[in-house]
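> Sequence:
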Amino acid sequence: TMLQTSTIASIALNVYSSCIGFFFSIIFHRSNSIFALGNILLKIKRPSLPREITTSWLQSILGLIAVVIALLGNVLGKPELLTYFFVYFLIVGTLVLVMFQRVNIVRLLYKLFKSFQKKSVDVGSLYSEETEDEPLLAKKFGHVTASNDDEEDGMVSERVPEPPKRDESCLERIANTVKQFQETPFIFFMKHDDLHMANKAVLYIQKNEQTNKIIFVHCTTNSTRKSTKNLQEHVKLLDLLYPRVKISLLVVNSKFDATTVEWLSRTLEIPTNAMFISCPDENFSIKRSQLQGIRIITGND
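Number 46 in the numbering used here belongs to position 46 of the sequence shown; there are no gaps in the numbering.
Don't take every hint at face value.
To be verified - Derived lysine to any residue pairs resembling SDA-like cross-links, with alpha carbons at most 20 Å apart: (1) Lys179 to Asn104; (2) Lys200 to Ile44; (3) Lys246 to Asn199; (4) Lys207 to Ala274; (5) Lys207 to Leu97; (6) Lys191 to His234; (7) Lys111 to Gln210; (8) Lys229 to Asp239; (9) Lys255 to Ile270; (10) Lys246 to His196; (11) Lys255 to Glu282; (12) Lys191 to Ser227; (13) Lys287 to Arg46; (14) Lys246 to Ala274; (15) Lys236 to Leu250; (16) Lys207 to Asn104; (17) Lys191 to Asn283; (18) Lys246 to Asp193; (19) Lys255 to Gln290; (20) Lys246 to Asn230; (21) Lys229 to Lys255; (22) Lys226 to Asp193; (23) Lys191 to Phe256; (24) Lys255 to Thr272; (25) Lys246 to Phe189; (26) Lys207 to Ile294; (27) Lys213 to Pro271; (28) Lys213 to Arg107; (29) Lys191 to Gly293.
If you are wondering where the hints come from, they were derived from the structure by calculation, not from laboratory data. This one's a predicted model, so the numbers in the text were calculated from it and none came from an experiment.
Using the sequences and the accompanying hints, generate a full structural model.
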């Protein structure tokens, strides 16, 4: 018996270790392929981005081809384990999709609960109409509170059924959740007045983020009303062009650096990953490590 148990355990451990090794191999090669593909995309989309280490086009393409060949070799070597990988990929992909589409999902839940509440109210109204033709039905339910005028005539006052409070509280919670998601503001730092760049930032945030508030931040050490007049007019114009989004301008009397970013994050209670800048050029004095998670969303074109 002990021999059989040890044999079964060894077989199970071997199968388990082979599955784990296959998963690690696939994930490793996929990560390397993403690095190579990302390097190629950065060369196309962000050519002016400062780089500490540069690679040529030939090196990037050859690296991507080599990683793809190694990935195909591992997949073709054990095709029976692809089922487990696709199940894992489906679960992770679903979680990522829910994270990015959480506002739309919560809106759908709100509509479903609201339609269910309407149906329950309609059923209650139908029940009240049926009881009007059955005056003896009230006697079967025992004591019913009546008004003073109705007591003299021996009639019972009608009661319109109220919507269930549980559904109302649930709808309020869902509405507050959607409102909380959409009221989280996002920041875009503007170095100077550029209406084209600001419009691209608004379009990007509308497409990729679940928010209705955008704050343009302009950092300068020489802030006068005349110097920021055109910028204020352009922000007002964008606010009129996008009525569903509340767009505002914040002028900070300081230079753009890591200290200013941290101060804005603490003062406005906005995380740094909700802040954006345009693609920096070679004259950008701040290192990328000092940006504290600020995202680059537009190019300089």
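> Now look at each hint and say whether the structure bears it out.
Verification of the supplied hints:
1. Lys179 to Asn104: Holds. Lys179 to Asn104 sits at ~12 Å (cutoff 20 Å).
2. Lys200 to Ile44: Cα-Cα ~18 Å, so holds.
3. Lys246 to Asn199: holds (14 Å)
4. Lys207 to Ala274: The given pair, whose Cα atoms are some 14 Å apart, holds under the 20 Å limit.
5. Lys207 to Leu97: Holds, because 15 Å separates the two Cα atoms, which is no more than 20 Å.
6. Lys191 to His234: holds (14 Å)
7. Lys111 to Gln210: The hint holds at about 18 Å.
8. Lys229 to Asp239: holds (15 Å)
9. Lys255 to Ile270: holds (19 Å)
10. Lys246 to His196: At roughly 18 Å apart (the allowed maximum being 20 Å), His196 and Lys246 satisfy the hint.
11. Lys255 to Glu282: holds (18 Å)
12. Lys191 to Ser227: holds (12 Å)
13. Lys287 to Arg46: holds (16 Å)
14. Lys246 to Ala274: Judged against 20 Å, a Cα distance of about 16 Å means the pair holds.
15. Lys236 to Leu250: holds (12 Å)
16. Lys207 to Asn104: holds (13 Å)
17. Lys191 to Asn283: Measuring from Cα to Cα gives roughly 13 Å; hence the hint holds.
18. Lys246 to Asp193: OK: Lys246 and Asp193 at ~19 Å, within 20 Å.
19. Lys255 to Gln290: holds (14 Å)
20. Lys246 to Asn230: holds (19 Å)
21. Lys229 to Lys255: The given pair, whose Cα atoms are some 19 Å apart, holds under the 20 Å limit.
22. Lys226 to Asp193: Holds, at about 12 Å.
23. Lys191 to Phe256: Holds: Lys191 and Phe256 sit about 9 Å apart, inside 20 Å.
24. Lys255 to Thr272: holds (17 Å)
25. Lys246 to Phe189: OK: Lys246 and Phe189 at ~16 Å, within 20 Å.
26. Lys207 to Ile294: holds (18 Å)
27. Lys213 to Pro271: holds (14 Å)
28. Lys213 to Arg107: holds (18 Å)
29. Lys191 to Gly293: It holds: about 18 Å lies between the C-alpha atoms, which stays within 20 Å.
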